[in-house]
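S.K.: Please put together the full structure from these sequences, using the hints given.
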Amino acid sequence: MPIQKRFAEKTSTYLANIILTSVLTTVNINASARSWTGADDLPTAPLSCGTSTASAAPRAYDGGTPVKAPNRKDKRLNVVDVPKIVGIGYFNATSKGIAAAAKELGNVEVRTDGSTKANIDDQITSIDNYITRGVDGILFAANDPVAIAPILKRALARGINVVGYDADAARNARQWFVNQAEFNSMAKVLIDTLAREIGAGGSFAIVTSTFVTPNQARWIAEMSAYQAKCFPQMKWLETVEAQEDNVLSFTQTTTLINKYGNKLAGIVGMTTVATPAAAEAIAQAKKCGKVAVIGMATPNAIKPYLNNGCMKSAVLWNPVDLGYAAMYALRAIADETLKPGSVSLKAGRLGELKVVKGSEILLGEPYVFTKSNVNRFDF
Amino acid sequence: MTSSTERQAPDVGTCTVSDATPGAHGRNETTLRRAGIREQFGRWRQQFVLVGTIATLFIVVGTINPMFLSGSNITNIFASNAYIAIAAIGMSLIIICGHIDVSVGALIGVLAMVSGWLAVEEYPTWLAWVAPVVIGVIVNAFIGTLVAYGRIPSIIVTLGMLSILKGGLISVTGGAWLSNLPPDFLIAQFQLFGVPSTVWFMVALTLATAVWMHWSFLGRAFYAVGSNAEAAQIVGIQTAPTVVMAFAIHGGFAGVATVLFATQMQVIQATVPVNLELAIIASAVVGGVSILGGRGLVVGATLAAILFATINSSLIFLDVSAYWLRATQAVLILGAVLADIASRRKVR
Amino acid sequence: MNVQAASLPRCFRHEALLLVLLAAALLSLAWQSDRFLTADNLLNQARLMTEVSLIAIGMTFVIVSGGIDLSVGSIFGLVAISMGVLWQSCGLPLPLAMFLAIAAGGMAGWLNGFVVTRFGVPSLIATLATLILYRGLAEGISQGRSVRGYPEWFLQLAQGDLFWAPHQFWLLTTCAVVATLILGWTTFGRATYAIGANETATWFSGIDTRCTKVWIYTASGLLSAMAAVIFVSRVSTTRSDMGTGMELEAITAVVLGGTSIFGGRGTVVGTVLGLALIQALKNGLSLAGVKSDGVIVVIGLVLIFTSIISNLCSHDEGRS
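Chains as they are written, first to last, in the numbering used here: chain S, 10 to 388; chain A, 10 to 357; chain X, 206 to 525.
Fair warning: there could be bad hints in the mix.
[Claimed, not checked] Examples of chain X residues lying across from chain A (beta carbon under 8 Å, computed):
| id | residue |
| --- | --- |
| 1 | 329 |
| 2 | 334 |
| 3 | 345 |
| 4 | 383 |
| 5 | 457 |
| 6 | 495 |
| 7 | 498 |
| 8 | 499 |
[To be verified] Keeping only pairs whose Cα atoms sit at most 30 Å apart, straight-line, the calculated DSSO-like set for lysine-lysine is:
| id | chain 1 | residue 1 | chain 2 | residue 2 |
| --- | --- | --- | --- | --- |
| 9 | X | 496 | S | 105 |
| 10 | X | 496 | S | 77 |
| 11 | S | 84 | S | 112 |
| 12 | S | 363 | S | 84 |
| 13 | X | 496 | S | 380 |
| 14 | S | 84 | X | 496 |
| 15 | S | 112 | X | 496 |
| 16 | S | 82 | S | 162 |
| 17 | S | 363 | S | 105 |
| 18 | X | 496 | S | 162 |
Just so you know, the hints here were simulated from the structure itself, not pulled from any lab data. All C-beta atoms in this analysis are idealised placements derived from N, C-alpha and C, irrespective of residue type, glycine included.
M.R.: Pasting the structure below:
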């Protein structure tokens, strides 16, 4: 190939790259002037500032109904639990709760089966296989509320009982959903805790999983609304993505610490993976006490940080209880003690759980783990 | 991947003997050395491109946000991808031999669990460090045997191993994490003269491997086998054991990478980062190791891993919108690759 | 050397092996669970495996020509997002959005072919880079938002039936038949084999290898695009992370089907058999009570063993 042509090719390659990169960078910098927060577009309902919590008005039942479900009252149930992903502590805990409830009830056989990727297709295929196999009940935590709806509706059409937990599906695709905490109530607890630790005018950053995870987007949207309402002086610096990966969360947090230096007063971890990783990053950067770490975490993961003072508290609900309640809900549906129109669920050792928003069962208030109570838990 | 056909690219009229392989041609070595500065520059070209890009990024981003150049950030950049760099060195050896391994990510996951389990069950710390390396060598030697003696293409074997390891890991661990790691096990968190041990490992291993590849017989045999296996066989290099050795050494590097990966934090996750093998392969490939086999320097793999870490950090410092992050990374990578390819055509 | 004729007996040997394996798998899985070998279940499986199958058919051409295409999963995601954005944000009528999105997928495939032929970048590297690029574009264009609320007729495309089989089944069968005919009986197909066997010789024979390769990669992109539209219809939503990991699934099916990774050998029939075997295992084992982690281990083992057996059976295997 003649030299001129080669040279032209090489130059044009370099030029193309430079132009493309600059265009993209300019677009980004302009786009990010609006500062990505990770929130979604849906309407928010921030709670009132201060300590009071309002309760929502009761709604009519809006869940789905199985078609020609056989009479399962007091019969042995064959149930499958399909979480978002297997291999992370959070869903290990929910599985434990489900298994514990099954053992207590004595007449339920349950197995947890899911993919190692938080993938909608794998989840749908898994559920499909179990429908074909013939199960009596499905417990699920949806990767995507809309994508999972067709297969769940198919399950309902075959007379299978369907109960969700942690992450909901379209309302008419399942019978009941056990909600760990209301989105706005969780947002309130997080922001209140944050304000307590960094002050009403502090700057903070958020570490989330991905921007396509529905729960994350909802929480962040509610946090944004609540913070704007009650702590308008707080500065929201940035939100970074860290998948559900330990090491990536650690690296991203370290970069944030390096980027903002002393301006950063607090980090909020939005997943049970991100929070301990962020605390570790703070600890290794020797900024314990100077940068506050709050967020959602399982007690085992943050015990060391609560003990050494890097973290003062973490928020979660009890995922073991969540699984436990979901299993009891399914049993109650089969035994016909939980029906459309019920106002509460009797969930074993958890007592009576309230029904909110028509077809949701509320686990309770978010639980705050601190140094004093963390040793009571093992998950 | 490699076959005599791929190497006969449609750029007809030019001699296709790999002229950039160090010492692979035995008697032609002196002829190669006489090729002079341009040839030397040609070999190191990709490395220059990488170093240049890293330096440019440092300068540009450092100017925009001086916090980028702070000691802790630079340390973070070098330390965060150190384990990928080390795994990429091993991967480079395989690619130079003309093969590939897509199961390395899953292997690292399994080895991390083994290492952590040994540490938690109070076995001696040195055992928890050494076991992943040894197991990595054994597993990959097995893969290498299937590839070299079973004559199954490496992509098939490693695709199969990927599934087996991934599924096996979840079956055995049930997805549970390992916590309560003893502090003296956490080698990645040790520091020497203020620099994390991961960086020392990365630098030491890179230099050692680079020197070894250049001066040792086995190192050159890798280049020979990757460049033209039949010719190497004729010259007297036994291809099959060489390939097995390459895989075994790659397994060893994966083991070392695992120890550094697993000890970065106080807990070990039961899953590996998504696309870890892709990151490792990309590091090796962008580092200048030719996928056609027979050429490239392992130093490039390390530099490429550092480049990726620099890019990731820069994009956060530059406030690049999270939605366009990956696209920007892709353009930068594509740029590095095209720059190398475009200038590589001149060297022939 | 007549590549086609010489490879014929070898081809049939591997496909025959696959057929035997498939039959064995079907029988043993049917024995494990009585729900497995029902028409309802099997047709449902056809519905679930369509997306990977379309991609694998395209991948067959690519691998037979001696290349590889890792970006198919990302093209999948990009097309899904494009369709959603064109329909919802740009307000185009949905059929037009579908058409444009598929065209975009073809363009993405064309770009792959362009980079591989024009710049001489090895296909592994080129498609590795475009894998990241297209995924990045999908994420950027979607801005993290999902697109929902598709009309009922669109959802029926992948969730409905025609006569007694799902729509996808007919589409898949048609594509497989057409692909087999093209690969086995047209000049284009023969050129594909020739390029995979020896590109320089093919070039000298007067066949425009560059044009053929570009068409192959474009076709791969188009098939991924079609698969994406079907998938969106099946799950009634679009997300930017759709299609991750599909490239490895497709490649597994193609190599299981007997296509040589070095090029020059392989058939669409083999790929289809490979796909059927994998799907049968995934479904049958799950029905028999094996959990998902166990299933992927089995598939890995099947892949390796089939390769070993196939290698043992073909002693005149010259390549290493």
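S.K.: Determine for every hint whether it applies to the structure shown.
M.R.: Hints versus structure:
| no. | hint | result |
| --- | --- | --- |
| 1 | 329 | 5 Å, holds |
| 2 | 334 | 4 Å, holds |
| 3 | 345 | 4 Å, holds |
| 4 | 383 | 27 Å, violated |
| 5 | 457 | 5 Å, holds |
| 6 | 495 | 10 Å, violated |
| 7 | 498 | 4 Å, holds |
| 8 | 499 | 6 Å, holds |
| 9 | 496(X) with 105(S) | 17 Å, holds |
| 10 | 496(X) with 77(S) | 28 Å, holds |
| 11 | 84(S) with 112(S) | 15 Å, holds |
| 12 | 363(S) with 84(S) | 26 Å, holds |
| 13 | 496(X) with 380(S) | 38 Å, violated |
| 14 | 84(S) with 496(X) | 25 Å, holds |
| 15 | 112(S) with 496(X) | 21 Å, holds |
| 16 | 82(S) with 162(S) | 22 Å, holds |
| 17 | 363(S) with 105(S) | 23 Å, holds |
| 18 | 496(X) with 162(S) | 23 Å, holds |
In this structure, the earlier hints numbered 4, 6, 13 are contradicted, and the remaining ones agree with it.
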